[in-house]
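Asks: Top line first, the protein sequences correspond to chains A, B and C.
For the first sequence, my numbering assigns the number 65 to the initial residue and increments by one for each residue that follows.
For the second sequence, my numbering assigns the number 15 to the initial residue and increments by one for each residue that follows.
For the third sequence, my numbering assigns the number 113 to the initial residue and increments by one for each residue that follows.
It is possible that part of the hints are untrue.
To be verified - Quick list of in silico lysine-lysine cross-link-like pairs, DSBU-like style, CA-CA up to 30 Å:
1. B/K169 - A/K321
2. C/K119 - C/K171
3. A/K285 - A/K653
4. B/K74 - C/K289
5. B/K44 - B/K74
6. A/K370 - B/K189
7. A/K778 - A/K321
8. B/K68 - C/K171
9. A/K728 - B/K232
10. A/K470 - A/K460
11. B/K146 - A/K321
Worth flagging that the hints you see were computed from the coordinates, not collected in a lab.
Every value quoted in this text rests on a predicted model; they were computed, and no experiment measured them.
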Amino acid sequence: MSAKNGVYGWAGTILRVNLTTGSITFEDTLPKYKHYIGGMGIGYKVLWDEVPMDTKPYSDAAKVVFGVGPLTGSAVPCAGRTNITLLSSWSRGYSIIDSHMGGHFAQNMKYAGYDAIIIEGRSETPVYLKIDDDKVTLEDASHVWGTGTFNTNKVIAKECGPEFDVASIGQAGENLVNMSSIVTSVGNVAGAGTGSALGYKKLKAIAVRGTGSVLIADPVKHKELCDYMLRELIGTNNNHNVPQNPQAWAEYSAPSKNRWKGSPGVVWGKAPNGPIDMGEQPVGDINRISYRNAKFMYDHGEIVSKYVVKVGGCSSCPIRCYSQYDCEVLTEQGLPGKVSNTCSPTGTNPKNFYAEGFKDFKEEGDGSLIVSLHGSYVLDDLGLWENYGCMCREFKFCYLNGIFEKVLPKEEYDSIPWQMMKDCDPRWLDDIWGRIARKEGEISRLGEGTYSLLRAWGLDDPAKNHLGINFYDMVDANYNINITHNGHPKHHGPEESGQAALLFNVMYNRDCMNHCLTNTVRSGSPFDAVIKPVLESYFGEGCVDAPKKYTPINEAKIRLAKWAFLEKQWHDSATLCNWMYPMTLSPSKARGYKGDLELDGKFMTAITGEEWTTEDILFDMERVSNMLRGMTAISYKIHENADNLRKTHDVVSAWVFDQDPDIKAFEPGTTKLDREDWEKSLDMFYEIMGWNKETGIPTRETLEKFGLGDMADKLEEMKLI
Amino acid sequence: MSLMDRLRKAAGMQEAPKAEPPMPETEPDKPDLIDYLESLPEVEVPYTPFEEDKEIDAPKRSEAEMLACEIRLCTRGEDLVSLTQLRSACENADELLEEMKDLVSCADILFIQGDQDVYYYCSTYMTDNYAKIAMLVLEKDWPRTIAEMVRFNCKTYPCSTPYEYFMRPPYLMTKPQLMRALDQVFRNEAYKDIVSVNASNGAPYLYSTEYFTERYGKALANLGEDDSQ
Amino acid sequence: MSNGEKKGFLTKEMSRRQFMKISGKSLAGLALSTSMLSLFNTTQAEVDSGAVTTFALAKGLLVVNTDKCTGCQRCELNCTLVNDGKVSSYMSRIKVTRNLFSSRNGSGLYTEDRWTCFPDTCRQCADPACANACPMKAIYADENGVKLIDEEKCVGCGACTQACPWHMPTVDPITRKSKKCIQCGACVAGCPSGALTIIPWDEVAAASQAI
């Protein structure tokens, strides 16, 4: 436990579990990992030191690293995320990726005394890992193997005891389906293939209870900072800083969509004792913050509020971005009615699997809602991951364009109950996703992930399909989500923040999960009066463009892009929720709506007792960013025989430049970008990152600046620098 | 009857609308909390008795300050208070409002001039922008409300305004009200800059040609419908 | 009421004395006046169902509304940060985590009754089992009458935890000192959904007199 180690902030210990030998060992977190901070940073250092990049993702030598950081469980608001680092089994290059989950697991893991859990080897029989402070054991999991995550979490929580939290994999993970996840709480999910990574290792679940604590160097200052953030800085989901519906205290509101949807007249309609009105939530009133976010309204509209019992979310976070439903339309059909989720798993994903639209259940327009609520349950129970909206779009495209008729054996095609889909039967999702999670038939290739799927069905080459398309490149707003040719989508990209967002969207080996810019530009605040002056005060004139009025690249945009890129690594190392941080804006008129980017450094100083500035933090995160880049270069050499990331990994899908054919880039009314401008953007970004402009690979000088000389040696040995 | 009650009564207002479930039939024998507590046998209180335990009294304020307090209470409930309401609730309203102007303790009480009345509010709880919206809602001149807010939204954010915006709180127009008002907007020369455009998914939006070209108005309508998660 | 007689509690002391009688119990089965409902920011339906529980604290009435608890655990984090200078959920003097996952009463995220979670804390019993059980006589009342633990005397034996019917006192596994609620109010001040509120006794008295 942290207090035992006398360490401020960090738990101080890393737990290493070898499933082959059953050995359970403990090692000090500091000093080796201090300047990797935690979470993602520790994960990268462990993989770099211990897992050669040619390791197969499904092999005994592969490792999975669960990590939290010095801010996790420290009472810092929105610090309840677990980062999981692993090798990708599905994106081009099979390189390093992270996955992240909320819920309460991170805080429990920290209080049990661990900054990271390194999972190694492979068990012969299904097991789960039971962590009760420093009593760590491997327990038999054969009784839950083969069952879904809801049953598994329930059974294991019950057998371990009331204060134990659990995270588990479903059938998808067990069956080594690449598109698989780990599920904790209700609907808190780490995707990106974490399920199958553990499934290979026969690790069904981790149960954890912690009676320890996080030591705070300056508790008085720290409490002040937490309260300051809550009174003056925090907004709501995606840190949007103005309410959508006008509220009396608020100068601005968001006429079109934003995420601060709680307001007088918006209710938790299924609260056990009658509707609870979300009321006004004035800035400064800590006791009303949880009523700002009505994510159910964002995800489903007014029609859903009658099924909302409460809102939920992660440890320490006042912004409850999960909606907890009790839907009798589902229970009347014998389906689970108490479901909860947020974002894509409960919206885009299930809806697109009804390729011909919806039918009403009880009232006009409730079809997509009902199947979505059920869908989020099925997806999580199977432990299936939807690649942030890619899997469902691939399904819909293939269905509507006759691909399935061509690629599926006739017998299989005929065995699929398409009528259930047409009838808008919620159980259609149990059927179709069940096939994918069981790897049943050719259609289950949807579970291999975009990169493998498109190659298998010839959709990445116009010569290989009857439509003459490259799915990555074709212009079609219904499907344009793949930002590169690497098998992962954008995650708030150039459609919101131009070149800056495109730059960090292409840096990772999965969707970037980076909300630093969308949180500001889509906040609903006025552009000229708030967004522009606040962002320019941090990054310089011209760093941000008005909505759909883009301008060519400039130095300020490059600074903004680099900052957002490094910030993301910080959030997943700290660990902080990237949907909430950084505190760029504020809902406070008295502050001129300006947030506080130094807050992170202040938190680190108060917690650890050492002087940290945000600049210090970002320096360490630049180290992690260079590791991501270096390891990606090595993977691309191994798997793609590529010497150059610029011409392979960083190539952007054509639709980004070819959409809106009637308008030129940089004219008002479009988010399309310009190819020449993009090449210039890459030049400038590589330069500010200290990477070779031809190849996009970090130079030796840059790597050595961050103490990564060994990585430079490896890159040189492979003739990459 | 308190001034607050008189104000509410004068305004023909109900209790502030709260989402209350339909009251379940109260069991006739359900005891009142206070009666029940008093009926229970005394228990030992672990705490030291309060040193001063005076009967609870309300603080003393001047009549003008009392009126300011009532305006503040209304504002906290998101309501403006009209001069008409004030006059009908208290005979010397004009005198008290005049007095209020010179009181530092009432410096937070502001007013906004509407077409039909003057409306008072407390600036601690209500911003000027909201007061304008609240005034438009009270006066129920829906065509003017639509035109003014569409222009304001184009100029300020900038954004195209979804039809649906006017059906949300605090406007809460019904669909027929909205369609009738729009019909009047489109036929009124004074509002000829207000035009309708559909986003690609068919959702109807409004923008002002004083601020946007058609292409930009449509582009921002599409942005409003982008529900990226 | 109609005869003009002043109903309710005239003073802070009277209010506290009356609510002490049901401290830690839900208000189910009782009818509340409109002004009491408004003061507690609740509805009669919530009261009827047992979602509303009150605790008579020294300075005011703690109102706990289960329907509004969203399980964020900030009450626990603030409790320990303020009182221990370190942050923990196990040691918190207000307990929500034990009701969050798979609680002893069958509710929590990993049960069929998923959405029920609630904070629970010390009842400040007039005849405290914890203090009676303490072999070191380490539990005493401060000048307000709030029960505190004398850390000099506490040996961390856990007798208080066992004796308390709700197992509220908690021994810090590191310092081996027992912790219990001292009514500092940090949990309430930091509750982001208003599931916890403390109403000063003078406001309780005033509302008790209104109709």
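Asks: State for each hint whether it applies.
Replies: Here's how the hints hold up against the structure:
no., hint, in the structure
1, B/K169 - A/K321, "17 Å, holds"
2, C/K119 - C/K171, "22 Å, holds"
3, A/K285 - A/K653, "25 Å, holds"
4, B/K74 - C/K289, "49 Å, violated"
5, B/K44 - B/K74, "38 Å, violated"
6, A/K370 - B/K189, "21 Å, holds"
7, A/K778 - A/K321, "48 Å, violated"
8, B/K68 - C/K171, "15 Å, holds"
9, A/K728 - B/K232, "16 Å, holds"
10, A/K470 - A/K460, "15 Å, holds"
11, B/K146 - A/K321, "21 Å, holds"
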